[in-house]
Amino acid sequence: MSELQRHARLSKNAMVTGRLPPRQTQILFKDRDESEGTVPIRLWPRVYARQLNHGTARQDGLPDALAPLVSEAVLTREGYILPGRTLVPRDLLEPLTSGALSLGTTEAQDMFLANGGFGQEHSINAHAEGWARYLKFCDELLGEICGDNFDCEGHFTERNPGFFEIADDASAMVRGILSLYDDLAQEDDIPALVRSYARVKPLPLSSSLPRPYALSDRLGHSNDVFPTAQNQRDVLAHLAMATHGEIIAVNGPPGTGKTTMLLSAIAGLWVKAAAEESDPPVIVAASANNQAVTNIIDAFEKDYATGTGVFAGRWLPDIKSFGLFLSSFAREEEASKRYQTESFIKKLETPTYVSRAQADYLSKAQKAFDDEGLESVEQVTKRLHDRIKTGIERLAKLDTEYAEKLRTQAALTAELGLDPASALTERENRLASAQKSLSDADTLAHQWDSHVANESALLAFFSFLPSVARKRLAAARAVIRGAGFNDLADQLEHVASVGTKIRDHRSNAKSEVATALESVKHAGALIGSAKTAVDLWDTETEELSSALAGAEIDDIDSFADCQIRFPLFLLATHYWEGRWLMEMEKVLPDIEKEQKRTGKKAVVPRWHRRMMLTPCAVATFATLPSKMICKVKKGNAFVDDYLYGFIDLLIIDEAGQVLPEIAAPSLALAKQALIVGDTRQIEPISNIPKSIDLGNLAKFDIIPKEMDETALTEFLSSGFLSHTGSVMACAQNACHYQPYPDLDRGLYLFEHRRCFDEIIAFSNALCYKGHLQPKRGQAHGLDLPPMGYLHIDGAAFSAGGSRFNPTEAHTIAAWLVAHREPLERQYRQKIEGLVAIVTPFGRQAQELKQACAAAGIRTMGAGAMTIGTVHSLQGAERSVVIFSPGYAKGADGTFIDSSTSMLNVAVSRAKDNFLVFGDMDLFSLASSSSPRGLLGTFLFAKSENALEFDIQPREDLEKKAAEVRMLRDADDHDIFLRDILTTARKTVEIVSPWTIKGTMEKNGFLSLLQEAALRGVKIDVYADPVLNAKINDSGVSQYAEAEAALTAIGVSFHPVRQLHSKIVTADEDVFCIGSYNWLSADRVGKYARHETSLVYSGDQMATEIGRFRENLALRNSSTPSLALEN
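What the sequence shown shows, in full-length UniProt numbering, is residues 1 to 1126, in sequence order.
What the hints contain is simulated information worked out from the structure, not anything from laboratory work.
Quick caveat, the model's predicted, so the values are computed rather than measured.
You may find that some hints are simply not true.
Cut-off 25 Å, straight-line C-alpha distance, at most; resulting in silico cross-link-like pairs (BS3-like, lysine-lysine) [unchecked claim]:
#, residue 1, residue 2
1, LYS320, LYS347
2, LYS600, LYS634
3, LYS320, LYS302
4, LYS337, LYS302
5, LYS347, LYS364
6, LYS436, LYS501
7, LYS627, LYS600
8, LYS367, LYS346
9, LYS521, LYS586
10, LYS272, LYS389
11, LYS364, LYS272
12, LYS634, LYS601
13, LYS1030, LYS1002
14, LYS364, LYS397
15, LYS346, LYS596
16, LYS320, LYS367
17, LYS320, LYS346
18, LYS12, LYS30
19, LYS596, LYS627
20, LYS1018, LYS986
21, LYS631, LYS596
22, LYS201, LYS705
23, LYS627, LYS337
24, LYS347, LYS596
25, LYS627, LYS601
26, LYS593, LYS627
27, LYS346, LYS631
28, LYS364, LYS302
29, LYS531, LYS397
30, LYS586, LYS600
31, LYS600, LYS346
32, LYS436, LYS521
33, LYS367, LYS389
Throw the hints in and build the complete structure from the sequences for me.
Below is the structure:
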């Protein structure tokens, strides 16, 4: 199809009449069936061209051309254009994922279209009227969404005509996803992983696996320096036990080692398959966009360690990464310049490369094994496999010995308690006592026998006589008492029973001895077994390292990561390299035909060959479906057949940013899923409003048309609705682990190592309920505070549903220029790479880019500074992050508080310094429980967090002022204030956060204030009571002392907490803003500072002064009244 057919311009006449000329229409219908009366098109009726700035393009990231409206339409064979649904494209509406141009908000468009959009409302017979209504609708929609602010600065001029393109099928970006959906809809049995994912009610909870975990359950690791943290091991242990169709959700707050965990998971599966001599695992990591995907593929190149020694690195030449990038066909050529793509793999499958690779492989193997007799790849892989098995057996032996140690210790504790030695002594004492009792019983028996033998037979004969019987009983009792058995003697009633009782007593004593003896032997055996187990464990661990003798299992696990599992990963790498060479020997003679075959018998082995070289493939969800296809014959044709359940493990990264419907069909291609993300970071942006989302579900009977709020809330929490959900929310719903009841479902990573502790403490308090474990430590060696701010009294403006604050932008640019040299010297890096600027608003991002570009900072192209909305830093980090809120006095700033994710992402991307440049009233006035209020608590916690910098001119005031002048030092400021107090006629307002009576007296301001008040001038002074809380020698606070002095001369003194502005106004025509503390600053000495202020004069200052007063009134009313302190 020609370029004209795909992307054609409308003539001016066509825009006026809504009809194409006959020739153009004929071309568009060429080769179409006669039965087709219309052609679907996409129509852009308004086009604006970018104006050049003095003949050159501006560096603010705006496009060269802008088409702010798009319509679905059909073209008839007569050339009539029949427009249908019309709207402003989603990528031009806030909220945006970057600092791109914004024309309005999605909310404004939804509200406008809710009153009735434009449909195919007219016929050809009334086409002129219908087209006129369409053009009017376009103007009304654009006006409603953009208001009067569209292109308020003249960046664009309207350029006719518009343009259109054929819209036969879905865009390439979603075509693969929709095709997979269509195929799934024809399946009789939905794959298990999709069923797990798309569930309304949460999966029933199961108990998490108990720690510690078997060492041999985890076989690989990604580096030889840093072991996994405990929470990372939790994830890997649960993944090892996962079953078919199971989803493991991993909540990964910022900087908690998601990449390390993922690389180790992949390494472990690669080693396991090598040990089993099976096919390599098919592992795919996917996300929603190219940036997230390239972040993953970059990690496969730089974060897998090379190692040291003869097994280090790769044994095949030219392979630099452990990842395969599955790029789209359109991006393949570009991607292959940087990454290992499918075309890269194809280049390896040649006789020339295989021959070179085999020679290199054998040479390195002979060196590694110190055996020149290794002449075949098969011999090498056998040797490697033996070493892998040996390493795994070592882990298994440690498991066995540790289990035996635990078993014997548990048995010992259960039997003898926590003090086995004392328990054994107690048993030995019982044995000694029993033995003595038996000895005494033997003595008694002997004595009784002697007594019987010596007794007169005559006496025994006449024992029937009572007197004789009593005598004999008394004699018997005397014998027994003489042997020490008084109780037994007392129990005797007849002499005839004596012998029996003595025998019974001796038998009992003998039995007690036997029992006590067995008890002692058993205790000794338990102690001996436990000691033997400990000795064996000590011996085995000492063989690992002398420093590990007798170490606990966690220490052994850490050691095993770097010293056993990582070497196993290197061995597995070379094993799979050898397996690849062996496979290539089989297919190489017919390689050209093999590479073209599309049947399953060819596609599956081809995938396995690829995974022998790289353990993980990486793709976007738009690309992945087309990569998992083979051809099958149906009837007389070959059709696509998806490889359902072929991927062994699907990893989804940054899942909190992925819309649930984007990832859902790809899950059908996998057996298991490891889904990693954070619902406390930036949410995905959906094009589907809530009403349409719920309407679609009701239409297909997924939900009833009427739902009560409770049921609706439960349904929304499932995570799979487009307008509220995400892949991460769905994964949480489908995961049956919740080890932390106060947090969302799923496993967690908590050890944070990116930011200084002072920085991540904010995110910990805002989002993670204190569970994060800061590991980097307190800030040190910095010239800037870890959490700092610069107060800017600027002005904010609205444009196209967005906001911008030029003063903030110019101040930030000037500050960066002033600090470029020391920052670059400290970090030995260009400032563009170490600083990022983020803002809530796309329009402010443009302002920042333009200001920075004008200051000589690269903002476009390679090596540019990251400047954009917080989305631009998702998944990234910088040493210094500057936050530009974009608001000014009088604004409520609720957009920043609409979600905790905005400030969480902005702050947690700063490794060393998070700096806020803006009007700090935005944070002072916010509720302490809001994200802004909490950030203010952290920013204002220390006075040294306040930055100092020269005030920058405000363009809006410069345009209005009759005169603008700069005050550069203390003398300038004092002269100015004296002049104001001398000449003011009606009002004077002084905002001085620190206000000190002694300073006012020394500089003569108290007398000047009194004179002005006596002239009838209304004077108001505003100060911060917290900053002035210092107690003087008289026991009075600095604030109370100043208040007493000022009120005594007729000056109104107002307490305002967290006061940041330093302003003087006079009457309605003088407005001075700057960094000078008017009523407290030291003029000389070590505390004297370079301060600047700008004085704007003229009648048009009244509006700005009124805005200033409104804000102060609001601040003053929010501050509790203070009693004088005595």
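Which numbered hints fail: Per hint list: 8, 9 and 14 violated.
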